[in-house]
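Undergrad: As a plain string of letters, each chain reads:
2 protein chains.
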Amino acid sequence: MVTRLLTPDELEAALRRVGAERYHNLHPFHRMLHGGALNRGQVQAWALNRYYYQSRIPLKDAAFLSRAEDPALRREWRRRLEDHDGHAEGEGGIARWLALTDGLGLPRAEVEAGRGILPATRFAVDAYVRYVRDKSLLEAVASSLTELFSPTIISERVSGMLRHYDFISEDTLRYFGHRLEQAPRDSDFALDFVKREARTPEQQEQVLEALRFKCDVLWAQLDALHHAYVSPGLIPPGGFRPG
Amino acid sequence: MVTRLLTPDELEAALRRVGAERYHNLHPFHRMLHGGALNRGQVQAWALNRYYYQSRIPLKDAAFLSRAEDPALRREWRRRLEDHDGHAEGEGGIARWLALTDGLGLPRAEVEAGRGILPATRFAVDAYVRYVRDKSLLEAVASSLTELFSPTIISERVSGMLRHYDFISEDTLRYFGHRLEQAPRDSDFALDFVKREARTPEQQEQVLEALRFKCDVLWAQLDALHHAYVSPGLIPPGGFRPG
Numbered sequence: 001m002v003t004r005l006l007t008p009d010e011l012e013a014a015l016r017r018v019g020a021e022r023y024h025n026l027h028p029f030h031r032m033l034h035g036g037a038l039n040r041g042q043v044q045a046w047a048l049n050r051y052y053y054q055s056r057i058p059l060k061d062a063a064f065l066s067r068a069e070d071p072a073l074r075r076e077w078r079r080r081l082e083d084h085d086g087h088a089e090g091e092g093g094i095a096r097w098l099a100l101t102d103g104l105g106l107p108r109a110e111v112e113a114g115r116g117i118l119p120a121t122r123f124a125v126d127a128y129v130r131y132v133r134d135k136s137l138l139e140a141v142a143s144s145l146t147e148l149f150s151p152t153i154i155s156e157r158v159s160g161m162l163r164h165y166d167f168i169s170e171d172t173l174r175y176f177g178h179r180l181e182q183a184p185r186d187s188d189f190a191l192d193f194v195k196r197e198a199r200t201p202e203q204q205e206q207v208l209e210a211l212r213f214k215c216d217v218l219w220a221q222l223d224a225l226h227h228a229y230v231s232p233g234l235i236p237p238g239g240f241r242p243g
Numbered sequence: 001m002v003t004r005l006l007t008p009d010e011l012e013a014a015l016r017r018v019g020a021e022r023y024h025n026l027h028p029f030h031r032m033l034h035g036g037a038l039n040r041g042q043v044q045a046w047a048l049n050r051y052y053y054q055s056r057i058p059l060k061d062a063a064f065l066s067r068a069e070d071p072a073l074r075r076e077w078r079r080r081l082e083d084h085d086g087h088a089e090g091e092g093g094i095a096r097w098l099a100l101t102d103g104l105g106l107p108r109a110e111v112e113a114g115r116g117i118l119p120a121t122r123f124a125v126d127a128y129v130r131y132v133r134d135k136s137l138l139e140a141v142a143s144s145l146t147e148l149f150s151p152t153i154i155s156e157r158v159s160g161m162l163r164h165y166d167f168i169s170e171d172t173l174r175y176f177g178h179r180l181e182q183a184p185r186d187s188d189f190a191l192d193f194v195k196r197e198a199r200t201p202e203q204q205e206q207v208l209e210a211l212r213f214k215c216d217v218l219w220a221q222l223d224a225l226h227h228a229y230v231s232p233g234l235i236p237p238g239g240f241r242p243g
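Read top to bottom, the protein sequences are chains A and B.
Quick note on numbering: the first sequence equals residues 1 to 243 in full-length UniProt numbering.
Quick note on numbering: the second sequence equals residues 1 to 243 in full-length UniProt numbering.
Hints are computed from structural coordinates only; laboratory data are not their basis.
Predicted, not measured: the structure shown is a model, and the values here were computed from it.
Take these hints with a grain of salt, some might be off.
[As the list claims (entries may be wrong)] Quick list of in silico lysine to aspartate or glutamate cross-link-like pairs, EDC-like style, CA-CA up to 20 Å:
#1 A:Lys-195 x A:Glu-209
#2 B:Lys-135 x A:Asp-134
#3 B:Lys-195 x B:Glu-205
#4 A:Lys-135 x B:Asp-134
#5 B:Lys-195 x B:Glu-209
#6 B:Lys-195 x B:Asp-9
[Claimed, not checked] Reference listing, derived: stretches of chain A covered by chain B, where coverage requires no fewer than 3 residues with Cβ under 8 Å from a Cβ of chain B:
#7 67-76
#8 84-96
Positions of the beta carbon are idealized from the N, C-alpha and C atoms, including for glycine.
Kindly generate the complete structure, drawing on both the sequences and the hints.
TA: And the structure:
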């Protein structure tokens, strides 16, 4: 609990501690993914489920925009929509994620229809969209701060996956290259915003809690994958079954 | 009531009839505005109240985006956000509307804070934002179709206002010049969408009802202005009082 007003730098340090303790790079499924310990079916399951997360991000960002009354804030946040949807068919983060699922041999129509996605993935992702729709703008911005920690995980992921999996190519991983540029730009903005706008200990606690919540959203998705596809490997009814 | 499935062209004709009967170019306040029958204070009241409508349009469009699961549809609709918010400070439809209120001598901070805006304006505009947030995507698209009728009203408005009011300049009306290009592009898309997607008599009725609803939203705003500033001229508590 925040019991006195932190300086902006103390708040940033506290946020970074949340990441150091709770970001999903610490999850065993992630270590297996990077470390080459998964088979193709398990990587397919990861990419398929993660597609649902990707596909909901623009809806989450638009929900934010629909509540942001300041045009300057909307202009800044609109770039996130542009990053994900692109400017034409085949562009943007979602299309690049589909290049990954294509490369892994998953039928695109099935991926886009969300066939076989784990219910726990939907629950976690939908909870995130609802959070951004319902909570304060400050909490909504703070919940995006997991991007502070994503450049490290992305670098590990790309090099690890290319090294270990012959069914993964640099081309299918091009999503991550773009995120390496976009995420720091976005997280710089969000970090400045919360450091400036959280003006009471209660608001600072909300900011920290929002980041913990978002870490939970990411972590829960890997828990579900681990449970279904690693140990005990209990795929729920309707869940994707590797070839 | 639509009792059998209309052809797309019949649906379009029915939509155009709604506009011919209910669009706010028929409202006496509008005729006075164009015809030079208003004084500066009344034109100020119009511009001030209409600002609230302008300022909510991007929130309405973002609410739509937050529910549109198709990236192509989002890309198309995103242009509306860009039109209103621009790409930098001072650009876009909202900034251009502020040029009008500036030109009319209204203090910008008061306008942006919504000081003096009629409660009925807020109720009508907020009802529109909620409508787009809560109704089907088809109805949300259809509710934008008043733009089919806006080029005519804009042309009348610009020429009429320039002719009749010495406190209005071409520069302060530049909002409308842009809308003359944007509105037809947007309404072409929306019209094609509803003609294609309304596939049952019930859906076609919903589309017509959505357009009637939106005409009501626009009409109610002029009713409120007329009541407060023309006849009987009963400005409600807290309402803007011309200098």
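Undergrad: The structure should be examined with respect to each hint, and the outcome stated for every one.
TA: Evaluated hints:
Using a Cα cut-off of 20 Å, the hinted pair Lys-195 (chain A) and Glu-209 (chain A) holds, with the two alpha carbons roughly 14 Å apart. Restraint check: the Cα-Cα separation between Lys-135 (chain B) and Asp-134 (chain A) comes to about 18 Å, which is no more than 20 Å; the hinted pair holds. Distance hint between Lys-195 (chain B) and Glu-205 (chain B) is fulfilled; the C-alpha atoms sit about 12 Å from each other, no more than 20 Å. Taken as a hint, the Lys-135 (chain A) and Asp-134 (chain B) pair is honoured in the structure, with Cα atoms around 18 Å apart against an allowance of 20 Å.
Between the alpha carbons of Lys-195 (chain B) and Glu-209 (chain B) the distance comes to roughly 14 Å, so the proposed pair stays at or under 20 Å and holds. In summary, the hint linking Lys-195 (chain B) to Asp-9 (chain B) is supported, as the alpha carbons are separated by about 8 Å, within the 20 Å threshold. Taking a C-beta to C-beta cut-off of 8 Å, the segment 67-76 of chain A contributes 7 residues in contact with chain B, enough for the three needed, and the coverage statement holds. Coverage of the segment 84-96 of chain A by chain B holds in this model, with 9 residues showing a Cβ closer than 8 Å to a Cβ of that chain against a need of three.
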